[in-house]
Structures are given as structure tokens and as C-alpha cells.
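S.K.: Use the sequences and the hints to build the structure in full.
So the protein sequences, as listed, match chains A and B. Under this note's numbering, think of the first position of the first sequence as 1, with each following residue one higher. Under this note's numbering, think of the first position of the second sequence as 1, with each following residue one higher.
Bear in mind the hints are in silico, worked out from the structure with no lab data behind them. Be aware that one or more of the hints could be misleading.
Any copy, or any two copies together, can satisfy a pair, since identical chains are not distinguished.
[Said to hold, decoys possible] As a list, the in silico SDA-like pairs of lysine to any residue whose alpha-carbon atoms are at most 20 Å apart: (1) K378 <-> D320; (2) K8 <-> D246; (3) K155 <-> G124; (4) K22 <-> S78; (5) K49 <-> E267; (6) K155 <-> I75; (7) K281 <-> V50; (8) K126 <-> G103; (9) K355 <-> D104; (10) K331 <-> D374; (11) K19 <-> D320; (12) K126 <-> P102.
On a predicted model such as this, the values are computed, not experimentally measured, just so you know.
2 protein chains.
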Amino acid sequence: MPPSPIRKLVPYAEAARKKGIKVYQLNIGQPDIETPVPILDAVRHADIKVLEYSHSAGNESYRRKLVEYYKRVGIDVSYDQILITTGGSEAIMFGFFTCLNPGDEVIIPEPFYANYNGFACAAGVKVIPVTSHIENGFALPPIKEFENKISAKTKAILVCSPNNPTGYLYSMEEMEALKELCLKYNLYLFSDEAYREFSYHGKSISALQLKGLEQNVLLMDTISKRYSACGARLGALVTKNKNVYDAAMKFAQARLSPPGLAQIMGEAAVDLPEHYFDAPKTEYQARRDLLVSRLNKMPGVFCPNPGGAFYAIAKLPIDDCDKFCQWLLEKFTFNNQTVMLAPATGFYGTAGLGKNEVRLAYVLNLDAINAAMDCLEKALEEYPGKVIDGKHLNVIAN
Amino acid sequence: MPPSPIRKLVPYAEAARKKGIKVYQLNIGQPDIETPVPILDAVRHADIKVLEYSHSAGNESYRRKLVEYYKRVGIDVSYDQILITTGGSEAIMFGFFTCLNPGDEVIIPEPFYANYNGFACAAGVKVIPVTSHIENGFALPPIKEFENKISAKTKAILVCSPNNPTGYLYSMEEMEALKELCLKYNLYLFSDEAYREFSYHGKSISALQLKGLEQNVLLMDTISKRYSACGARLGALVTKNKNVYDAAMKFAQARLSPPGLAQIMGEAAVDLPEHYFDAPKTEYQARRDLLVSRLNKMPGVFCPNPGGAFYAIAKLPIDDCDKFCQWLLEKFTFNNQTVMLAPATGFYGTAGLGKNEVRLAYVLNLDAINAAMDCLEKALEEYPGKVIDGKHLNVIAN
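M.R.: Right under this line is the structure:
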């Protein structure tokens, strides 16, 4: 079981903070956007006498409410196709436990959300990466490369769009290509859609909108990023495949129920006005623009322009991103400040890839991003393991 | 993956309710005791701007608070030996994932909490049951029987005291015998102590109080029953074994963090006055006395007197508890009421055991227990699959 690449630097950050250093945390997808007051108020004003177990699939009232939400975003499901989970994490875990036996394989385009490894490890499932590349902004690799990796043990393909960690937003053509592949080989399509609302170039496409693939799709969802409510730990597994749903329910029953107070929040969230997302989306887009532009102005740095979510991966002129990120926290300061980044190596399944890449989560306001970029710029000048590679110098991505 | 024996009857209960039948739910450990107002108020008055991920091990402030709690109950631990989990369920799951590889074995006295099967299944671990018997109130089976089941694959013994589903409270002698066995074969001792506060004959002994076994013990804990807060989904894995703790942390990091609002409740709970437990404990004890006495007065019924928790297992003069429990919901009414029980078969690992036993959770008030016992008494008269077995007639347990 590998440690979380996002969290393994935490002790160094804690040590830096204890020395009085201001650490800009761009390492983790913890938004600074405020949790909407109405959904917190729903908990504050809830009339609770006994905080009971809910239904193992989540409160029926919440599931019915979510049907409205999904309808609004163009996904047609019924309440008994929704299983409320403890964060998106549990939805992913239930997917692995339900659709794959130990020894089975799931194909995931890399770089990918590192915790997929943890869930795969828990389920005894093998992750087979197909490499996407920074040069074309981490677009879906050619379908032929997926096909080459399919074996008798392959049971599923897992995608995430808008993507964590790359920010890449899959096009309809890419989603359709995945559909054809899943139909051809009868594979499940696991679709992590945590960042649905945050897409900046056109709309995010849900796997459940792919006609004819309904029985193969498991949608993994969460309120964490959507409503800036990561700490609530509330997600959902959505599937029209009744056998899969029933099997997942057994795992759901074993852990009794998803968090109760969070479900009150989730239910209230569906009643937020439709324009709720306008402000955070505009804010994230402005941050993205600033971050990407600042990065690409740094000598030797290349950062493609992400189409969604609130992550970007940048290539840096460094020897080793793990060393660099630790050095930023242990050895470097600029005006008594530094920046915390996630080494990209942890997002690749193939050893050796991503050594000169880092993931940046633009979850801080514009001033903080500017200050963090000042730190990074200075750090790249001072870092002893600097590698001069002029290839991408001053190239601005799409 | 087996379905939950406690929850599989839910659709029949829902159907009965839709017909207007009052169903007394003695099937599930969902207490009716009110959640303490101060711990709900702590959430209501919490000043939250962004509901962020907490530390993967839980908020440090909560872990430090729990150190106080454990000290009060005679358990000496430090905050970095406590890992906050999503309910006791996750603590058990982390224990399995951390200490056992797929194919390894865990020995559990049966009948046992059925969801252990689910977690074992998820972890690819084999549960090896050692049978305890209703005749002696489900006391710890002779250590020799454990020893007979130990193989090269045995990595742990799991016990729960006070016990769910039997209510049995292990004595110091029994706990010491388990300690010697674990030391002799270098086994982990998983100790589910969810019901610590509810012991009616002397004090519950924690596995972490067993001198010399500290490195082998994983304590699985939860606030669900203690503070009538099942829906919060908040528990803890406590261990002094640093390697185990560090390995469990990797699984904790993969799922990011335990529920945030619940941690506010948990922290406030430690500040409840010491006498808080007096009222629920007195109430549960009165219910137990009523339930056990009513059961043992029914012809052909035998129910040992449980020493703790809020469960009892009773032997009934019936052919098949699964059929009987379903029949109670589908076919039977008395004054337009019926009772929902948990078939004991689901709590045994050995097929065929427990066929004439049911588990009753005394989580309803005295009037409701009386009414439920009226139903059961009548049902045992009417049930077509009745089996006359005079052996235990009118025997009152210890």
C-alpha cells in the first residue's frame, strides 16, 4: 500500500510552519471557496433527536433530491440507482469491490488520482496505466494503446473528466471512443465526475449520457468540490446496472450507513440557486488563467491550459520533483514564504514517469497564487538540482 | 459477499409498514436514547467557513481530547496512537487491511457481529469461527478450541466485549487467556469495544489494559452506541504498535479524512459530565431485565442474561429463524402490530448453527419491549413452523 503522494509531505510543511514560514498549499484539492451558508444552516437548524443510522443507500429523501440534480445536468436516473457513499472515495472503493475480483485489472490513463492506487490495493486489483502526455495537454491516449493493454483479466476502464490531476476535459469524441471500446470488450466504465461543474471549455460529458453503455457505467460522484464541502465526506455511486447496484449495496450494508449530518447538507445543496456555480467557476477560471500564465513565463517551465477541475500539471526544469517539493519545504524560503506542491511521480503508475512534473491545485485566491508563483519562480532559480532544458522555454499551451 | 442479516429483512418491514402495521424494531442496534443535546449543539454553533478535509487521522484537537476520555476509562494512550475513522466499521476494515494479507485467517468466536464477514470479504481474509454456546451464555470457548484452529495463516483473533450479538461480557480471566494465546502464537488481538460503557456485571476490560500485549492490540471503537450517535459515523482505531498505525494511516490517507461535522460532535462528547452514562445505562439494564424475564417466561424459550451491550440471543421453539423472522413481517400481526428480529444464523460462521435462535436489540423503551414481547409470545403460539422442545422450558439463566 503506497503512501499518499499528496499527503506525504505534510510533516515537512508542519515543520516549516512551526518555524514561522508561510506555506502556500497548492498540493491538495482543498478549495478555499466558502461552503454555501444555506447548506451549513440546514444542519444547524435540523431538528434531530436521535442521530440514527440512515438507510445503507442513504436517506431516500436525499436520493430523490439528487434525481432532480442529475436531471438538471442532463443525467436521467431514478433514486434507486443512486447509492449514497462516504465521499467519492467510498464510491470508487465500492466500484472496485463490486466489479473486480482480486487479481483483476483496471485500465486507467496516467497520470491519475493517486488514491485509485490505494483503493485498488485494498481490493487486490491491479492498475494498468496507459500514459497520457503533457505535450498535448494530457488528452486521451489513442484507443489502440488501451486495446493493447486489455487482457482476460481486464474488467474496467476508469476515467476522470474534468481530470484530477491534469485538468484535462474529455471531448465527446473521446468519450464515444471509450464507449465503443467498453462495448467491444464488455468492460465497465468507471467515471469519476467530481469536477463536473468546473469546466471552462464547453460542458463536461457524463459517462451516463453515453447511449447504449448504460449497463456498463458506474458514475462516482461527490459533493466535496462541487460545494466546497470536502470535510462532509459525502458522495454517490450511480449505476443503472441493477446487479452492480445490488452487489454494491452489500458493501454499503456492511458499513451500515453514510454520514448523517452530511446528508442533510447534500439535500439542501440541491436547492441552491442555479447561479450558485457562476461565482466559484469564474473565480477558478481566473485563477487558472493567472497560474498557467505565470508558470509558462518561467524559464524552462511548461504548463498546458487545463479545460476543467482546478488542477494543472507543469513540467519544471528540475532533476526530481520529490526532492524538489521536499526542498521547497525544508530548505527554501522567499520573504519567509514557500509553496507546497504535489510531486507528479505519485500520479503515474509507470515508475520513472513524471519526475520533472508537479501538480498544482489552484485553490487559493489570486493574490496567494501570485505570491506562490513568486516563490516558485525564485525557487527554480535557487534549486541546486536545476536542469536546463530549453525545449519548452516560453512555450504557451493551447 | 453476504448480505447483512440485520438489514436483509428491511423490504418486508417496509411492506408491513405500508399496510399500516406497527413494527417493533428489535433487529438493529439503533438506540432510541436521545443524542445528547450538547454534542448536537456543538455542531449547530460551530463557526465553519469552509468545511475542509481534516487530517487523515482526524483532527488533532479531537484526538487529544480522546486521550482524556481513554484515561478516564483506564486506557493510557497518546494522541498519535489514535486514528479517527468513519464509524467503528472503518476501524475494523483498516485492521483487516493492515494486519492481514488476502488468504490470511482471523479467528472469531461465533456468533459474531455479521458485518465482520463483509469486511473480511472485502479484505480477502478468511474468518475461522470458534463456537460459543447459548447454554453457558456464550462465554469464551475453551482456549484449546482456539489453538486447534490456529494455522500458519492465522494472523489475528477478533473479540468484542461486551459482545454484539450475545451481550456476553468477558471476564478478566478470559481476557488474560486470550492474551497468553496471542503472545504464544504472536497474533494480533482485535478488540471491538463499541459497548464499553454498557456493562451491568462489573467493568468491561479493554484489550489495551492487558499488560505485555500492547504491541499486538488493535482497539476498534465508535461513538455510535456510547452517545446514541450511530448516524454520525465516527469511530477510532487505537494501537500502540507504530508499524500498524503507520500502515493504517496509508489507508486513511487514501480515503482522505473522516467526517468533519461528526468530529465536532465527538470532541464535545468527551466534555459531557461523567454521570451522563448513568441514565442510559440504568435504562438499558431495566430493559434487559424486562426482555430477558419476558422471554424466559415463554414456553420453550431460553435467553441467557447478557452482562453488557444491549443485545440478547434467545433460543426459540421454531424450525428456522430466517423463515420465522420473515413470517413475523409478512404473515403475522397482533393488534395490528408485529416485531422485527434478527435471525441468528447470520451471526454464525458455521453453516447450520443458530437456526432456532434470534438476536434481540433492547433499544426500545419498556412499554415498547412489553408490546413487542406480547407480539412474540402470540407469534410463537401461531407460527406454523413451531417445534416443541421442552428442554429449556422455564429455565432462567444466571
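S.K.: Taking the hints in turn, state whether each one holds.
M.R.: Verification of the hints:
| no. | hint | result |
| --- | --- | --- |
| 1 | K378 <-> D320 | within (17 Å within a copy, 75 Å between copies) |
| 2 | K8 <-> D246 | between (36 Å within a copy, 12 Å between copies) |
| 3 | K155 <-> G124 | both (13 Å within a copy, 18 Å between copies) |
| 4 | K22 <-> S78 | neither (48 Å within a copy, 29 Å between copies) |
| 5 | K49 <-> E267 | both (19 Å within a copy, 19 Å between copies) |
| 6 | K155 <-> I75 | neither (24 Å within a copy, 46 Å between copies) |
| 7 | K281 <-> V50 | between (38 Å within a copy, 17 Å between copies) |
| 8 | K126 <-> G103 | both (6 Å within a copy, 17 Å between copies) |
| 9 | K355 <-> D104 | neither (28 Å within a copy, 37 Å between copies) |
| 10 | K331 <-> D374 | within (16 Å within a copy, 74 Å between copies) |
| 11 | K19 <-> D320 | neither (25 Å within a copy, 67 Å between copies) |
| 12 | K126 <-> P102 | both (8 Å within a copy, 14 Å between copies) |
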